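Chain by chain, the residues:
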Amino acid sequence: MYTPEMKELIKKVEETRPQRVGVDFPRMTPEERTEVLKNYHPDFIEEGFRPLKIGVNKGENAPQELADLLEARSRLEGVELNLEEVAYDVDVLVIGGGGAGAAAALMAKEQGAEVLLVTKLRFGDANTMMAQGGIQAADKPHDSPPIHYVDVMGGGHFTNIPELVRALVNDAPMVIKWLEEMGTMFDKEGNGTMVTAHGGGTSRKRMHAARDYTGAEIMRTLRDEAINRGVDVIEFCSAVELILDEEGKAGGAVLYNLETEEYLVARAKTVILAMGGAGRLHYQNFPTTNHYGATADGLVMGYRAGAKLAFMDTIQYHPTGAAYPPQILGLLVTEAVRGRGATFLNIDGEQFTYHLETRDVASAAIIRECVGRKKGITTPTGMVGVWLDSPLIELIHGEGAIERMLPAMLRQFSRFGVDIRKEPMLIYPTLHYQNGGLLIDEHGQSNIENLYVAGENAGGIHGRNRLMGNSLLDILVFGRRAGLHAAEKSKGVEVKKLTLDHIDAHHRELEENGVDTAGRVSPMLLPRYTHREVLETAVE
Amino acid sequence: MAQVEMVDIYLMGKKYSVPESLTIMDAMEFAGYQLKRGCGCRAGFCGACGTVYRIAGDYELYVGLACQTKVEHNMYLAQIPFFPAVKAEYDVDELTPSASSLATYYPEIYRCIGCNSCTNVCPQDLNVMQYVAYAQRGDLERCASESFDCIMCGLCASRCPAHIVQYHVGILARRLYGKHVLPPAPHLQERVEEIKAKKYDADLDELMKKATDELKELYNSREIEK
Chain Y
1 MYTPEMKELI KKVEETRPQR VGVDFPRMTP EERTEVLKNY HPDFIEEGFR PLKIGVNKGE
61 NAPQELADLL EARSRLEGVE LNLEEVAYDV DVLVIGGGGA GAAAALMAKE QGAEVLLVTK
121 LRFGDANTMM AQGGIQAADK PHDSPPIHYV DVMGGGHFTN IPELVRALVN DAPMVIKWLE
181 EMGTMFDKEG NGTMVTAHGG GTSRKRMHAA RDYTGAEIMR TLRDEAINRG VDVIEFCSAV
241 ELILDEEGKA GGAVLYNLET EEYLVARAKT VILAMGGAGR LHYQNFPTTN HYGATADGLV
301 MGYRAGAKLA FMDTIQYHPT GAAYPPQILG LLVTEAVRGR GATFLNIDGE QFTYHLETRD
361 VASAAIIREC VGRKKGITTP TGMVGVWLDS PLIELIHGEG AIERMLPAML RQFSRFGVDI
421 RKEPMLIYPT LHYQNGGLLI DEHGQSNIEN LYVAGENAGG IHGRNRLMGN SLLDILVFGR
481 RAGLHAAEKS KGVEVKKLTL DHIDAHHREL EENGVDTAGR VSPMLLPRYT HREVLETAVE
Chain R
1 MAQVEMVDIY LMGKKYSVPE SLTIMDAMEF AGYQLKRGCG CRAGFCGACG TVYRIAGDYE
61 LYVGLACQTK VEHNMYLAQI PFFPAVKAEY DVDELTPSAS SLATYYPEIY RCIGCNSCTN
121 VCPQDLNVMQ YVAYAQRGDL ERCASESFDC IMCGLCASRC PAHIVQYHVG ILARRLYGKH
181 VLPPAPHLQE RVEEIKAKKY DADLDELMKK ATDELKELYN SREIEK
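Taken in order, these protein sequences are the chains called Y and R. First residue of the first sequence? That's 1 in this note's numbering, and the numbers climb one at a time after it. First residue of the second sequence? That's 1 in this note's numbering, and the numbers climb one at a time after it.
Isolated chain Y (complex conformation) (with noise of 0.2 Å):
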């Protein structure tokens, strides 16, 4: 519910409502875009980013607070821990239950491989579970998967590596089969073909959708087949470090039981990352639409051991991310909403910019209104944001509209008391994705070998910038591909002595360079909320 200020600020906007029907704020010229971008975009703000100044990345630009945990001090230091006495002892070591590290550990089991699951919170606990629009492929007649290379590359501004593109395009149609297979309940028309919709850059409708619980249905579709086909699953158990052999091949991993608190050493012909993305470090103190669990924990340990990143640079936030009622800040708010035509005002029910920029120009645009003119209305908590007029969709499409159009948000927000078909939605941009990560080639294996990386924690598919519905399909791709891979290349590798000497290298590298840790250790695997800060701000 909105508070009487706030009331009181929605009449300012109600004023403006009917001068601004059927009336389009102008568009940006290019040069204005180039200009709000670089000023106000996160990507652009040199004071987020610094130069690695350790590792393989040396000299490349990450969020600082990306690099104040790839430049910390391994949770294992000071721990005694006997390598040779192995908990676990398989031929493929999956970390991560997402939907990458589903898929790959289905794969994996298929080939005949003897497949430990490990993950941090439950499987299936992930950013897949909470995608909602859709999947790309290219399975009808008028569509291809040269056409989809296209649209994909031109997404990533042309950066995107062509090898993993293709295979992406390439394989979507046999994942789309799979999980058909499977029994995911894709919505199809009677005679089985899939409803098929566009989405933001595609030039045929390929998003294949599960009405908006689409990446939930494929992730407890795959966590219940993981489980009937007999993978071992580990819940509650995450990896700290990768470990590696006398060779510099990935032999495993170093396994922390979160309830138990103790480490445990697991043995591996081949280990494949799925550890998914970092929303929970909330860059530049943006909040996100991503899971608890979403703490960088996999760039960290892959990088420690050797692992190159890429594009760590560039991150996607989304324009329209609910800043109240703080119990769904930072939520998504469907790009739908503006493109059923609300607008954004300010604190003065004054329209700022024009509602259908693209995602980095809008919320570049939402920044600058309220951090450089200062015009964003500030709420209880102290988050800041600008008005989404929602009702005006009423105004445009008639009575009704929201509820028949947009359901899910009117239930979203009508469960803490605010009603978007009479009440503007209060937004600001959140953190969304991360479009690089730890580099791979098109079996997922990165730069050590033995070690595959899949789904949100690798790097180069998206280049700089990914398209909607192709990220719960990359996850699936190289789920799969890093699986199957694995499976069949553990089957010829013979483990050496496990060694943490890369570790004792990490520290020593970061001495050598004079980077002060200031206590930090990581991975970080849980966030800390103490919400201490809000309440201060609040009080002021």
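If you're looking for bench data, these hints aren't it; they were derived computationally from the structure. The structure presented is a predicted model; accordingly, all values stated were derived computationally and were not measured. Please note: incorrect hints may appear among the correct ones.
[Said to hold, decoys possible] Pairwise CB distance ranges (calculated): (1) R:GLU72 with Y:ASP24: 43 to 51 Å; (2) Y:GLU35 with R:ARG142: 55 to 63 Å; (3) Y:ASP516 with R:GLU72: 43 to 51 Å.
[As the list claims (entries may be wrong)] Here are some, though not all, of the chain R residues that point toward chain Y, as calculated from beta-carbon distances under 7 Å: (4) GLN34; (5) GLU89; (6) VAL92; (7) ILE171; (8) GLY178; (9) LEU182; (10) HIS187; (11) ARG191; (12) GLU193; (13) LEU207; (14) LEU218.
[Stated by the list, open to error] Output of the computed footprint for chain R on chain Y, the stretches with three or more beta carbons under 8 Å from beta carbons of chain R: (15) 179 to 188; (16) 224 to 238.
Backbone N, C-alpha and C define an ideal beta-carbon position, used for all residues, glycine too.
Using the hints, position chain R against chain Y.
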């Protein structure tokens, strides 16, 4: 700035004063907890944070998702982030889409006494008892549809006097329906065969070799499907 209203809540019996605007999950963190269990997507999709609570002076036992429920004054709460339930292991390929498949793995569905506790506690407002009734009858289509928005939080199973694990029944019904009843997409099958026959390999190889300018031109002159 407005004064923050505080309320008293009791976490596992201990009293904490927290801002009244917080969700149960935020309130626990505010109180100093770092959550391991009982916290997942924080957006109402994953079912990790089932919580039971009482309000002082009210005999009723309430439930909700910690990330989607606001705290109230004098709320006594505990999380049930893990409610034990055994998932049957089966091969969906081998099963028929019928009541007997469901009955084989989850025979307790016939012990339902119609108390409606499952429906009453569902945070997604699903008609849980109804989809169990569809399962009993082997009406997979309705069972799948009615249970589709289930987030598998387990609150239904926690309250069931007949020991039914409703959410496991739901997913088995949906997989049987998706696999054996929904017709496979004909265009998908065709495309998969084409790809296996390497129909697009040459074109893709060609595209991979193209210089950025050539690709840009292709991209900018794309025909967009209406």
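Can we keep the GLN34 of chain R interface hint, with Cβ of chain Y closer than 7 Å?
Because about 5 Å separates GLN34 of chain R from the closest Cβ in chain Y, which is inside the 7 Å limit, the hint holds.
Does the Cβ-Cβ separation between GLU35 of chain Y and ARG142 of chain R fall within 55 to 63 Å?
Because 56 Å falls inside the window, the suggested range holds.
How does the region 224 to 238 of chain Y fare against chain R when you require at least three residues with a CB closer than 8 Å, holds or violated?
holds (count 6)
Interface hint check: ARG191 of chain R, Cβ to nearest Cβ on chain Y, cutoff 7 Å. Holds or violated?
With a minimum Cβ separation of about 4 Å from chain Y (threshold 7 Å), the hint on ARG191 of chain R holds.
Hint validation: GLU89 of chain R versus chain Y, beta carbon distance must be below 7 Å. Holds or violated?
5 Å, holds
Given LEU182 of chain R was flagged as interface, is its beta-carbon under 7 Å from a beta-carbon of chain Y?
6 Å, holds
Does VAL92 of chain R pass the interface check with chain Y, least Cβ-Cβ distance below 7 Å?
For VAL92 of chain R, the interface hint holds, since the closest Cβ of chain Y sits about 6 Å away, which is under 7 Å.
Confirm or reject the claim that GLU72 of chain R and ASP24 of chain Y have a C-beta distance inside 43 to 51 Å.
45 Å, holds
For the region 179 to 188 of chain Y, do at least 3 residues have a Cβ located nearer than 8 Å to some Cβ of chain R?
Our answer is that it holds, as 8 residues pass the Cβ test (under 8 Å) against chain R, meeting three.
Quick check on a hinted range of 43 to 51 Å for ASP516 of chain Y and GLU72 of chain R, using CB atoms only.
The hint (43 to 51 Å, Cβ to Cβ) holds, given that ASP516 of chain Y and GLU72 of chain R are roughly 46 Å apart.
Take the shortest C-beta to C-beta distance between GLY178 of chain R and chain Y; is it under 7 Å?
Cβ of GLY178 of chain R sits 4 Å from chain Y, so the hint holds.
Please check whether ILE171 of chain R passes as an interface residue: C-beta within 7 Å of a C-beta belonging to chain Y.
6 Å, holds
The structure fails to meet hint 12 from the earlier list, while all remaining hints are met.
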